[in-house]
Amino acid sequence: MTASSSVGVLVPSRLRRGATRSGLKILIDGAFSVLLFVGTIVGVIALATLIWTIFDDGWARLVADPVAFMTSYVSRLPARAGIKAALAGSAYLMVLTALFCFPVGVGAAIYLEEFAPRNRVTNFVEANIANLAGVPSVVYGLLGLGIFARFLRMGPSLVAGALTLAVMSLPVIIVAARESIRAVPDGIRLGAFALGATRWQTVRRQVLPAAMPGTLTGTILALSRAIGETAPLLVIGLPIVIFSLPNDLRDPVSALPLLIFDWTSRPQAAFAAAAAAASIVLLALLLAMNAVAIFLRNRYTIRW
Amino acid sequence: MSIARRNVRTGERVIVNALFACAVLSVAVTVGIVAVLLVDAVEFFRESSLVDFLTGTVWAPGQGGGEGGQYGVLPLINGTLMIGLGSIVVGLPLGVLTAIYLSEYAKPRVRGVLKPTLEILAGIPTVIVGYFALQFITPSLLRPIFGDDRVFVFNAAAGSIAVGLMILPIIASISEDAMRSVPASLREAAYGLGSTKRQVSLRVVVPAALSGIAASVILAFSRAVGETMAVTIAAGNSPKMTFDYFTSIQTLTASIAQTVSGEAAAGTVRYNALFALGLTLFVITLAMNLISARIVRRFRQVYS
Chain A
1209 MTASSSVGVL VPSRLRRGAT RSGLKILIDG AFSVLLFVGT IVGVIALATL IWTIFDDGWA
1269 RLVADPVAFM TSYVSRLPAR AGIKAALAGS AYLMVLTALF CFPVGVGAAI YLEEFAPRNR
1329 VTNFVEANIA NLAGVPSVVY GLLGLGIFAR FLRMGPSLVA GALTLAVMSL PVIIVAARES
1389 IRAVPDGIRL GAFALGATRW QTVRRQVLPA AMPGTLTGTI LALSRAIGET APLLVIGLPI
1449 VIFSLPNDLR DPVSALPLLI FDWTSRPQAA FAAAAAAASI VLLALLLAMN AVAIFLRNRY
1509 TIRW
Chain B
562 MSIARRNVRT GERVIVNALF ACAVLSVAVT VGIVAVLLVD AVEFFRESSL VDFLTGTVWA
622 PGQGGGEGGQ YGVLPLINGT LMIGLGSIVV GLPLGVLTAI YLSEYAKPRV RGVLKPTLEI
682 LAGIPTVIVG YFALQFITPS LLRPIFGDDR VFVFNAAAGS IAVGLMILPI IASISEDAMR
742 SVPASLREAA YGLGSTKRQV SLRVVVPAAL SGIAASVILA FSRAVGETMA VTIAAGNSPK
802 MTFDYFTSIQ TLTASIAQTV SGEAAAGTVR YNALFALGLT LFVITLAMNL ISARIVRRFR
862 QVYS
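These protein sequence lines map, in sequence, to chains A and B.
1209 is the number of the first residue of the first sequence in our numbering; add one for each residue after it.
562 is the number of the first residue of the second sequence in our numbering; add one for each residue after it.
Read the hints as simulated data drawn from the structure, not as lab findings.
Being a predicted model, the structure only gives us computed values, none of them experimental.
Built from N, CA and C at the ideal position, the CB exists for glycine as well.
Hints are not guaranteed to be accurate.
[Said to hold, decoys possible] Partial list, derived from the structure: chain A residues whose beta carbon lies under 7 Å from chain B:
#1 Asp1237
#2 Gly1315
#3 Thr1406
#4 Phe1469
[Unchecked claim] Here are the computed distance ranges between Cβ atoms for each label pair:
#5 A/Ala1478 with B/Ala827: 27 to 37 Å
#6 B/Ala750 with A/Pro1417: 45 to 55 Å
#7 B/Gln624 with A/Ala1287: 29 to 39 Å
#8 A/Phe1263 with B/Ile706: 18 to 28 Å
#9 A/Leu1453 with B/Ala827: 23 to 33 Å
#10 A/Gly1238 with B/Ala750: 22 to 32 Å
#11 B/Gln624 with A/Ile1502: 45 to 55 Å
#12 B/Gln624 with A/Ala1496: 42 to 52 Å
#13 A/Arg1326 with B/Thr803: 50 to 60 Å
#14 B/Gly572 with A/Ala1496: 33 to 43 Å
#15 B/Lys758 with A/Ala1496: 38 to 48 Å
[Said to hold, decoys possible] Calculated pairs, DSSO-like style, for lysine-lysine (alpha carbon to alpha carbon, straight line, at most 27 Å):
#16 B/Lys676 with B/Lys758
#17 B/Lys801 with B/Lys668
#18 B/Lys758 with A/Lys1233
#19 A/Lys1233 with B/Lys668
Input sequences plus hints: build the corresponding full structure.
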């Protein structure tokens, strides 16, 4: 009697407590997943707002006369100012930067992955590359200013700018190239060795071609970051107001981010619109580079 | 071994040496950075004492060559810390929520959309983020909420939000890596004890990935400290000892950018001061990167 009544009292209350607790739990769990989703979507909304702001401010200025905008030099009159020198300068800088840093970056990656003995020197070089990747871009600018522009007497020139950007991109390219070299399976190397190939022949004819899509993808992504950089070019003193295109490595050039910075800093609203229009051009350029990188990755990457 | 050694021809040795040179070039870059910063910083400290630099509360470079100016770095450190802390306040909660969502909750298809979106956010040139902060965050977000007379045109809050958006992808992606490297057995054990997804995420995955999250925050802080363009454009150029986020401040990086665009002539006190600032920046970011790398190495070892 007592036992059954105590059970009769206890069981429903336990069930009830269990029921309310799991009800609350479901509520908290639901609230938490909503919070996670909201937290995640804030970043997406911020990106969308940024792109919308740039287009809202700059689209009209860009499409009013896109040809004139791209083929005019800068001007004190915002309505007549164009991005010719900056756009060309960025293109020259990009090509030259790639020429400087691609061979060295890939060479360093090949050495570290294929030839480097496991010793202190190698460890030191690896730690050093990891640290270089974390150096602020403005410090690379000071390096460029102190060594390329002043010590080597290049001045604020195309070659000084490209070397600075190349040095800055080097660690990124080395890391990307190493990853794609590491992804080539050892069976390929052993097969080549078994056929009598030397280490270099193996690397040159087997490993490198297989690793090339990933390396190129990494290089293009590194270049697209370099081309969006302002601070290092500002620090080495590349000009903004310039009315010629470079004929020589030692000629001064401007760059798109520099021009955007200059126009953004001016008080007139018309210059802000021009800055936004130039930003659209820069974003389009970066988008195109990224599209090429993704295409290379998807089209040519070998899945082992 | 003896067979391999016989196969190494002289040509091959030349190639290997060239590849080694590529790898060592990265060390030369580090040496170059340190040398450039030290040489001119030492020149600066010969004219302006190190103690005054490190303890002075006024940063007021003299006009022209900069003689007779006051060179106390504390206002710039103050501004840099404000941006660093402010951007962490913005980026840390959003980044960690995003990481939990991506690692534990998101379906593969949603993840496949969100990850590239975050990469795009990380790839927006900093000068464009600066434009966004100046033209949208301050006038359309901060001023309507806090009042026009309270929020200055250039303010630390806008700079912090802008930099916070830039470091969000860093925190999200490194934290997500750490969370995904938590073994599934831990999650399954928690589910087996009756935990819900929220409890598994918050009481098992996040604590287990805590060192990775900490490393991501330190790395993000280091990036925020080194960020130049967004803070130069949005946070202003008035070095101040303040903690008011709605007023104009100046960071170490912005001070470098401002001095250079004002074109300090080589060899002057003002020019040398640039390198003292660069050295300060380099030491701060290097220390944080080393701490972060050490923590990452530790958490990688725990579960392998």
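Which numbered conditions among the earlier hints are violated in the structure presented, ordered from lowest to highest?
17
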